[in-house]
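Protein chains: 2
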Amino acid sequence: LISELNILNCFQHLVDYKSDELVLVGSGDDAAVIKSQLKDLVHSVDISKINTHFPEDSQPENIAYRSVAVALSDLAAMGAYPSFISIGLTSNSNDIEWYKKFTSGLEAILNEYQIKLIGGDVTFGEVSVCVNVFGYAYDKIVLRSNAKIGDLIYITGPLGEGRQGLIDWKNNKKSSYIKNFFNPKIPFNKSKYISQFASSCIDISDGLMKDLGSICKLSEVGAEIVYEDIPITNDINDLSYGDDYKICYTCSPTHKNNEFISQDFCIGEIKSGNGISIIKDNSIVDFNGNGWDSFE
Amino acid sequence: LISELNILNCFQHLVDYKSDELVLVGSGDDAAVIKSQLKDLVHSVDISKINTHFPEDSQPENIAYRSVAVALSDLAAMGAYPSFISIGLTSNSNDIEWYKKFTSGLEAILNEYQIKLIGGDVTFGEVSVCVNVFGYAYDKIVLRSNAKIGDLIYITGPLGEGRQGLIDWKNNKKSSYIKNFFNPKIPFNKSKYISQFASSCIDISDGLMKDLGSICKLSEVGAEIVYEDIPITNDINDLSYGDDYKICYTCSPTHKNNEFISQDFCIGEIKSGNGISIIKDNSIVDFNGNGWDSFE
Numbered sequence: 006l007i008s009e010l011n012i013l014n015c016f017q018h019l020v021d022y023k024s025d026e027l028v029l030v031g032s033g034d035d036a037a038v039i040k041s042q043l044k045d046l047v048h049s050v051d052i053s054k055i056n057t058h059f060p061e062d063s064q065p066e067n068i069a070y071r072s073v074a075v076a077l078s079d080l081a082a083m084g085a086y087p088s089f090i091s092i093g094l095t096s097n098s099n100d101i102e103w104y105k106k107f108t109s110g111l112e113a114i115l116n117e118y119q120i121k122l123i124g125g126d127v128t129f130g131e132v133s134v135c136v137n138v139f140g141y142a143y144d145k146i147v148l149r150s151n152a153k154i155g156d157l158i159y160i161t162g163p164l165g166e167g168r169q170g171l172i173d174w175k176n177n178k179k180s181s182y183i184k185n186f187f188n189p190k191i192p193f194n195k196s197k198y199i200s201q202f203a204s205s206c207i208d209i210s211d212g213l214m215k216d217l218g219s220i221c222k223l224s225e226v227g228a229e230i231v232y233e234d235i236p237i238t239n240d241i242n243d244l245s246y247g248d249d250y251k252i253c254y255t256c257s258p259t260h261k262n263n264e265f266i267s268q269d270f271c272i273g274e275i276k277s278g279n280g281i282s283i284i285k286d287n288s289i290v291d292f293n294g295n296g297w298d299s300f301e
Numbered sequence: 006l007i008s009e010l011n012i013l014n015c016f017q018h019l020v021d022y023k024s025d026e027l028v029l030v031g032s033g034d035d036a037a038v039i040k041s042q043l044k045d046l047v048h049s050v051d052i053s054k055i056n057t058h059f060p061e062d063s064q065p066e067n068i069a070y071r072s073v074a075v076a077l078s079d080l081a082a083m084g085a086y087p088s089f090i091s092i093g094l095t096s097n098s099n100d101i102e103w104y105k106k107f108t109s110g111l112e113a114i115l116n117e118y119q120i121k122l123i124g125g126d127v128t129f130g131e132v133s134v135c136v137n138v139f140g141y142a143y144d145k146i147v148l149r150s151n152a153k154i155g156d157l158i159y160i161t162g163p164l165g166e167g168r169q170g171l172i173d174w175k176n177n178k179k180s181s182y183i184k185n186f187f188n189p190k191i192p193f194n195k196s197k198y199i200s201q202f203a204s205s206c207i208d209i210s211d212g213l214m215k216d217l218g219s220i221c222k223l224s225e226v227g228a229e230i231v232y233e234d235i236p237i238t239n240d241i242n243d244l245s246y247g248d249d250y251k252i253c254y255t256c257s258p259t260h261k262n263n264e265f266i267s268q269d270f271c272i273g274e275i276k277s278g279n280g281i282s283i284i285k286d287n288s289i290v291d292f293n294g295n296g297w298d299s300f301e
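Chains B and W, in that order, are what the protein sequence lines are. In terms of this note's numbering, the first sequence opens at residue 6 and continues consecutively. In terms of this note's numbering, the second sequence opens at residue 6 and continues consecutively.
Don't take every hint at face value.
The list cannot tell twin chains apart, which means a pair is met if one copy fits it or any two copies do.
Said to hold, decoys possible - Think about it this way: if two alpha-carbon atoms lie no more than 30 Å apart in a straight line, the pair counts; the simulated DSBU-like pairs of lysine-lysine are:
no. : residue 1 : residue 2
1   : K145      : K178
2   : K153      : K40
3   : K40       : K222
4   : K222      : K190
5   : K222      : K121
6   : K40       : K145
7   : K261      : K178
8   : K44       : K197
9   : K222      : K106
10  : K197      : K175
11  : K261      : K40
12  : K145      : K261
13  : K40       : K197
14  : K105      : K153
15  : K222      : K105
16  : K40       : K190
17  : K106      : K145
18  : K44       : K184
Keep in mind that the hints were calculated from the coordinates and are not lab data. Note that the structure is a prediction, hence the values are computed from the model and not measured.
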């Protein structure tokens, strides 16, 4: 018979640290106690739900890995590095193997980013993972609201790989893109120099158009992007699909020859006004990609 | 048409603070930034799900209030006071009024405990609220694992009121107990002196037998409780039902005349051995209440 305790036992080895420079009280009590770090704490919450954020036939290892990765992406987008996480897991599986597999996916990503699980909750219901991430700024916090007219717009990698991975998975087609969907790599190595040089920053989770749109709205500016300069996987819909987990940032042109920044993709420029114009063959493209919204 | 943005707008007034002694960056960016407090942070996660933790016909105000209250209870059980929360909300309502009502319940409890909402996420699906609570110790952190043989066992209020409230709600019966179920009061005023005097502490969310059982297990001791000394609402099943959100703590008999502690209910004593014996009419009662588990 399965019980909350059986399930929590699967996670126990991940939270078995008696005393630590970071965590004073780990799992097994009512709450975790985190040692004060004398550094401002960066925190975000991200829910990943079956049939909404990942397909019904996803492997539990991949559900765990992906749910944590996409939550970590919000820290990278602030110029912050991850330090610990907690998880609210809902699952209707009655098979303890499911939880062991989930835990192994969790362990893989904890090890990959050298972060700790400090606690969480488990309850019965349709599979959903609420991941709480915590970290600290590399240098300074980079907001969405500080893009300036004349700043260049960069993305850290190609768009549409996650979208393609999901299509390939659904079509039972073996492809390297499937890893982009289930095991996206979060560019913390880039986040480090972005934290030093960028004027604004966001992760591309809901699609470039929506996410760059958020920078424009909060910075009260517009943007012009050049279609030919955007690395895509398939077609123009890669600009609005999401599931990319690359970073989009803006930065003064004075930094354009910086050794790190010059390796990213410069896709356009911040302009006065509002909204985003896509330029293709020197003319404005009419494109109505709204980006991802789980309610639409 | 409803969208994540429409919904987030309902919450906006709760997170509209530009700069603050606690929060440097609130909602509207990728993550919140919390100013370092030079105090160890206490953190817990609690999921409340429709049809599991609250009935399907619950009011959105009550769903919000109750979900936050039961999560705060874990802080009280550590001897900690609450400072801020974040929320992962899942809902399938397409009615913006639902979210406005949810927000008003949320606002009520934020105001009651003088705490702040620092961020969260919203996604489409069956109603579920993942509440992340954050706070700091009043004095010292009180663990589950430090009860000593000879310590007295206290509870801060009667058991079974929440259970009765749920029964009355389901039977469409007006009763004062309904508030105990939907709007439980978390005894932070008691948590303050418990933090000074208690050897161990837990909140009674899964039923006294299971929760005191957790103290016994982690402290490697047993307990003897006297049925006649336990304030109950209905019958012996109040000892294992849960939904109480009172605190159970143990404390050395040297503190039994303390002005605060003497106001709580002394229900028994920590003994050597393991497990809990219930004494009624001077003999041991055979009682198999296992306590709440959402998987059983």
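Each hint, compared with the structure:
1. K145 <-> K178: neither (43 Å within a copy, 56 Å between copies)
2. K153 <-> K40: Answer is between: at 26 Å across copies they meet the 30 Å cutoff, but 38 Å inside does not.
3. K40 <-> K222: between (37 Å within a copy, 26 Å between copies)
4. K222 <-> K190: within (27 Å within a copy, 41 Å between copies)
5. K222 <-> K121: Answer is between: at 25 Å across copies they meet the 30 Å cutoff, but 35 Å inside does not.
6. K40 <-> K145: Cα proximity of K40 and K145: in one copy and across copies (22 Å, 13 Å).
7. K261 <-> K178: Answer is neither: 40 Å inside a copy and 70 Å across each miss the 30 Å cutoff.
8. K44 <-> K197: both (16 Å within a copy, 27 Å between copies)
9. K222 <-> K106: between (41 Å within a copy, 28 Å between copies)
10. K197 <-> K175: neither (35 Å within a copy, 55 Å between copies)
11. K261 <-> K40: neither (39 Å within a copy, 32 Å between copies)
12. K145 <-> K261: within (19 Å within a copy, 52 Å between copies)
13. K40 <-> K197: Both: 24 Å inside a copy, 20 Å across copies.
14. K105 <-> K153: Answer is neither; intra-copy 48 Å and inter-copy 35 Å both fail.
15. K222 <-> K105: This pair counts as between: shortest inter-copy Cα distance 24 Å, intra-copy 43 Å.
16. K40 <-> K190: Both. Shortest intra-copy (28 Å) and inter-copy (28 Å) distances satisfy the 30 Å Cα cut-off.
17. K106 <-> K145: Answer is neither: 37 Å inside a copy and 37 Å across each miss the 30 Å cutoff.
18. K44 <-> K184: neither (34 Å within a copy, 40 Å between copies)
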